[in-house]
Structure formats: C-alpha cells, structure tokens
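Chains A and B, in that order, are what the protein sequence lines are.
Going by the numbering used here, the residue at position 500 of the first sequence is 500; the numbering climbs one at a time, nothing skipped.
Going by the numbering used here, the residue at position 225 of the second sequence is 225; the numbering climbs one at a time, nothing skipped.
Don't read these hints as lab results, they were simulated from the structure.
Simulated restraints on C-beta separations:
id	chain 1	residue 1	chain 2	residue 2	range
1	A	379	B	304	25 to 31 Å
2	A	446	B	12	45 to 51 Å
3	A	266	B	150	21 to 27 Å
4	B	304	A	137	44 to 50 Å
5	A	365	B	150	39 to 45 Å
6	B	24	A	111	51 to 57 Å
7	B	161	A	114	56 to 62 Å
Ideal placement from N, C-alpha and C gives every residue a C-beta, glycine not left out.
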Amino acid sequence: MRGITKRFPGVLANDDVTFEAAAGEVHALLGENGAGKTTLSNILTGLYRQDEGDVELYGETVRFHSPRDALDAGVCMVHQHFRLVAPFTVAENVVLGDHRKEASFFLHGRSTERAVAELGERYGLDVPPRAKIWQLSVGEQQRVEILKALYREARILIMDEPTAVLTPQEAVALFATLRSMAEEGKTVIFISHKLHEVKAVADRVTVLRGGRTIETVAASGATPQSLAALMVGREIEVLRPLEEARQLADVLALEIEGVTVPGDRGEIAVRNVSFSVREGEIVGIAGVAGNGQRELAEAISGMRDIRGGTVRVGGRALRGGDPRESILAGVSHVPEDRLGTGLAPSLSVTNNVAIKTYRGRSLSHGPLLALRRMRDAALGIIRRYDVKTPTPETPVRNLSGGNLQKLVLGREFEDHPLVLVVAQPTRGLDVGAIETVHAYLRDAAASGVAILLLSEDLDEIRALADRILVMYEGEVVGELRAGHASIEEIGLLMAGGRGA
Amino acid sequence: MIRLERRLQQPWWLSVAVPVGSLAVAFAIMAVVLLASGHEVVDTYRKIVEAGFTGNGALSATLVSATPILFTGLAAAAAFRMELFNIGAEGQLYLGAIGASWIALQLGDHGAGSTPLFVVSMCAAAAVLGALWALIPGVLKAFANTNEIITSLMLNYVAGLLLTYLIYDSASYWRDTSTLQARAFPQGKPMPSAAEWPSFGSNVVVPLGFAIGVGVAVVLWFVYSRTRFGFEVSVIADSPRAARYAGMRTRRKILAVMAISGAVAGIGGASQVAEFSHTLDGSPQGLQAAAFGYTGIVVAALARYNPLAVCLVAVLIGGLLNAGFTLQGADFPSGLVGVMQGIILFCALGGELLIRYRLTLRRRSRTHVEGGTTPEAAA
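Next comes chain A alone, as it looks inside the complex (with noise of 0.2 Å):
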C-alpha cells in the first residue's frame, strides 16, 4: 500500500500511509486508537476506498469496490466482532457466502465437513466441523472464522485485536496458528496494541501514528518501552501492578448477596455471586468475555432484572430491573458498549450529556427544556474532561473512542456517585487516553466512589484493582489482594482451574 490517504469529514484518517507487508510473514500494525489502522484495514479489505494512493498485491495494482473483490483476491479478514451465524454449523459457517460454490446450488455438506477438519488439523485449529456455532466458546468460534479464511484459500489475513477475547493460553494457541500460515507463505497483518503481543508474535512491526506511517521495525530488535515510545511520539510508563491494597475506611458502598441474573436468553448467567465493595476501594473483575461480568454489571445498574439475593448501595436494597432506581440510588455505569447503550449514536454531545440530568431542576422548567443550561453543562464537561469535539452540537458518533470515553466518564463523575461500575474503560483506546481514563478513576476512587471495574485486560486491573475477582461460569472462582497476583494465576482461574 503505498501514499494511502483518506479524509473522513474534519479529520485526516490516513495521510500518505506506505505499507508494506512480504509473503510468508507476520506483519504486526501497531497504533493507538485513530491512527488510522483500522481504515488502512477497511481499504485493504474494500470496505472504504482510498483518495489517494495505490494499493498493490503481490506487485500488481488492484482497486477494490467492495469487501466481495477483496475476498476474491484473497484477502481476508477476522473482524473483532465475529460473522458467523449461531444456528448453523461449523461446516456450515464456513461455505456461507464463498460464492465460487454457489453455482453448483447444493451444499456439498460431507466434503465440506472433511475438508473443514483436515484444515484444522493441518493449522492447528481443532473445531468439531458439524458443531453448532452457538455451542462454541468465543475462543472456538475464532477459530472458525480463520478456518472461513482458509477454506476460501486467503493469502493474506487481517486479524482485528484477535486476542481481546481470549485468554492467555488460548492467545499463545493463537500465536502458534498464525505461525504456521506465514511458514506456508501466507500473509498475517495482525492489528493491535498490545506490545506484549507483538513482540510474541510478529516478524516486523509498522507503527501509525496520527494518520501517518512512524516506523517498521523488526520485532525481534524492539522492546515493549520502544515500541510504546513511538506508538505515542514520547516515553510512557508501561502499566505496572499495584503493589500492595490501600488502606481504606471499612465503609461498605456496594454490597452483593447471594445475587443470581438471568442472561439473554433466560439461562443463569451470574450464579449465587457475593462481595462488597468499600468507598474509595477499587474492585476489579477479570474474566474471559461471557462468563457473566457484563451481566453482574447490568443488575447492578438496573439493566437486568435481578433473579435471587440482593444487591444494597449504601446499604440501601434495589428491586432490580429499574435504571432509574439504580441511578437514584447513586450508582453510575460506564456500559462496554459506549456508542448505543452510554451514548445515543446520532444525538448530540450536549443532549447526551443531558441524557440523565434532563429530568433534574437544573436542565429543566417544569417539562420544559432549558437549551441554554444543557449547553453550559457540556461545554463544562468538554472544558474540564478534554473531550475534543468541533462543536456542542456535533453528532457524538463522530467522535472518537477515546473522547466518548471520556464524554462518558465526565458525565458520570459529574453525577456525584457512590458507586461506579465501569466495564471495559479502555477497551479499544489508545495509550494517552488509556493514561488519562485511568488518572480519572484513581482521582475518583480518591474522593470516596467504590469502584467495581470490569476489564478482560489483565494489566489494567492488575494496575488499578486493590482486589481482584475472578470469574467464571457465572460463577466467582477466586479472590486476590492487589500484589499477590500473578498473570498466570489469575489466567488459571479464568480457564476455570479452581483453587490458589
């Protein structure tokens, strides 16, 4: 890819991005949030087209329309939120929408079974080929989306944050697989930015910032410290665990009893779990994705009913299954999903900003709105929390990750909680915004706010946390004190090993 530019209204995504990436490697593209990764991807995949620039496969200049030109060249990529549909199987999975077969009308079930399994054989993927999606662990169905990949005989994969749901052991499967495609001499572009994860995996490593090509370093010759110092364009502290738990007032703020919560489809999803949470005391859940963690999130905040035990926030009982009650209660929520749930996508930042406070006197006369008070109050929060928006009125969607984050955050500290649940703070931000989201909760945590923090990244909660819960199977296996808690004891208790 060579003098790739693309310009989204306002902002540059992509200025004069060269990329290159050789047969037989794999090539990591490592950047912060809006350096323009993922719209690199989204043109080598066809998804977005360039304004500029060529891009080039295997020496030859090609322009894709659409993702379905893109696949037909063989290339390939393994999205963060996965393509499969849950009621058919593996098998199944695979064929759907390889259009090179759709002339011969029937699905030639049993040769696509066997050729599914040899492939997971030959690369290391074992996948029951006649299983039903749904019945597959998250880490299983990746691997159905790589095997789609094969099947359809990529040449070069992209792997969008492939790890973020995984735990440690099944990343360093993962690792194993994606070695193996680059000796056959497939092409590996592996998005991240997670340093460790890198250096593990990656031949050569490209960094973006800001729109623009940094580096391509060899990973064998970088360090993580390197590596995050061109990420950002300065030297930053790498996340270091807490060393010890601090010393805090035996206030209890949260409080969760024997607490069972139905999941979507009515199954238990969080099964008998109990703990509390003390003021200024930060609690972090950590967890495979699905193991319950945003389902306890949602009860506590009132999104989910709550099927048994009770939960008390300054020693006052929920019914359950009412937001306001939980917000009246002083609980505030950062949800995971920022945009649609923490966010209305095409609303404003100043009405979203109102989007609790609307009721209350101070942004209303009687049913009226006050317009002008509901922009002060976001100006406020654009001015203290550094949300860079153009305008109060422009549509929050246009943001990015890192300043809905901190809308969100703003908001909900204005709101003067008691108790804040936080799920994913950082998930998909970049590193000087992950700095700045996690000085925001140390500042909170300070003044008096019991803190649950839910996060699938191990090094923030180890960074944040004076205790460590983890869960599993709805189920929490295990409690550990800030400092004695190591990477593989906590991943232990993740895949389900009880005990410590």
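Once you have looked at the hints, place chain B on chain A.
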C-alpha cells in the same frame, strides 16, 4: 453494471438538489407516458400547475385536498419520530369521524346551536377515539412487544368494516332511518347545521380544519424540540438501549406517542365530517377509498417527519391530487392521472435513496491477480 454504495458523508446541497432533481426526473418520465398515450405534454403540465395552484380558486380547492393528509401526515410524523411505525392513521381517522359525528348528533339532539362548542367537542371526541384506537397496537407494543406495523395496519381493516357496519348493516345511532328512501339506501344522519365548521378568507378559502392542522403542527414541533418529553422521544428513537440506560420510561413513551398520533389522525376524521361530508360516510367507496392514512405516510416521509415541513408537503401533494381531479375527463382517463401521481411519488421517495447512497457505474470485470492460486469469479 450499476452499483449502490453507501455515502460516508452527505453534502448539504444534496438535500436541495435531490428533491428538485427527483421532480425533474418525474416530469421527464411522465412526458414519455403522455407522448405514448397521445397527449400534449406542455399543455398537460400547464394544466396541472393551473389546476393545482395558480388557477382561479385552485389554491382553495388544493387546501381542501390537503386538509386530511395534513392530519394523517402529522400523525405519521409524530409516531415515526420515535421509530414507532404507526401505519394505522387510516383507521384512527375513521374512528375520529365516528366519534365526531356521534357528539355532533348528540349535541344536535339536545338543541345546541353554538358552532365553537361543536368544533371543540367534535375535536375532543375524535381525538379521544382516535387515541384509544391507536392505543390498541400501542399497548400490545409496550407490554407484549408485538410489531406495531402489523397490528396497526390490520386494525385499519377492522375500523373500515366497523364504519360500513354502522351505516349499512345495522340500525345504529349514526344511520338515518327517518325516511323511506333512507331506509332503502343506507346513509348517515345529516349533521345539525351548527356542526359545519366555518372557513376563512375571500380570495383563498382556508378551511378551519386546515388552520387547526397548522396549529397542531406548531404544537407538535414545540413538544418534540423543546420539552423533556420530546428529548426522551429523540433518545428512544436513536437508541432504545441508551434510553433504558438513562432511566427513561420507554413503555409510557410508546403509549403516549401512539395516543398523540391517533388523536391527531382522529381530528382529521372530525374535519372530514364537519367540513366536507356532513354525515358519517360508511360507504366502502367513500372515505375508505380515499386512503388518506396511507397518503399521510408518504407526506410524512417526504417531510422527513418534521411537523412544519409536513404542512408544506401536504399542500404540494394536495395540489397534485386536486389537479388530478381537474384533468381527468373524456380524453384523459383517470387511470392516467393515477399513473402520473404514482410516478411523482415514486421519484420523490426514490430520490431519498440518493441522499444516503451514491450510484456508481462500472464495467463487469474480473479482478486480475497474479499467480492464479486464487479462484476468481466474475464480480
């Protein structure tokens, strides 16, 4: 090969250029149809403009045609703004007509003679019945999460049959049974003369219903843009999850919005009775054949659910409808009028697509990649 690609950005001039362009295309297609059927193109267009807008008394007639679709357009806009697809303005309008005629007949029986009293009570009764009818799909949506498009649409047929039943198949309060002729040829009781709504103006006659409709539009615009209620509606429309997260009472909003939408459509029914038919029209070829409810959806869509824009669009569409009545005759079949109106609506709605997508032309081609290990298929 023609392909549609989603636009990543929408330049502002598109929202002006596309409607104008759509109309130009519509008139161009119509020219072909007119030529093929042996009609004078320019002369026909001149007649349309004259009959719809510029001719003597044309604007007055246009406002008459615009009044019912103004109400149904506002009803659709009010609901669609919350992504609540109330397709039932048609039936809610019938119920409004039933309610308004009932109260007018009642007041007449009790000897009331003051027109303002008639106007207010007819609007109120029509709004209540329209709202209640709309609340049936509303309650189902709020508490059982049924699809409001289907339930509100189905209720239109129920409302239509009810209307026919009241006049044709029963000795209901609404049916006129005073004379032998009325017993043989079913018709509704005539309204008392005080129930006829007045109109204003000398050059251009504005029906009271149209004025009420404009008032309703202003109120709706204010409610949706300046109140807490309107704020909640816009959040729910954009993201129901975000609304729930923020502690908004979504169910109540569904009920309220359906009630508002039904009430507005109902007042449209009152205006039909009070200004034009002066009786409850139960004929399947009468009120029910006009399909005001469905035309209202088109009006709302063209106005992009903006209540103030609905007023303007209702007048434009009303003009077209009115021109259609004038044009049709011995040498100009009514079918051709329908074709012309269809082409205009089709182009106007089709043009909306171009605001969000762009068309690209390219040749069918293969993506050539060196090496040949990738099986290629024609794109």
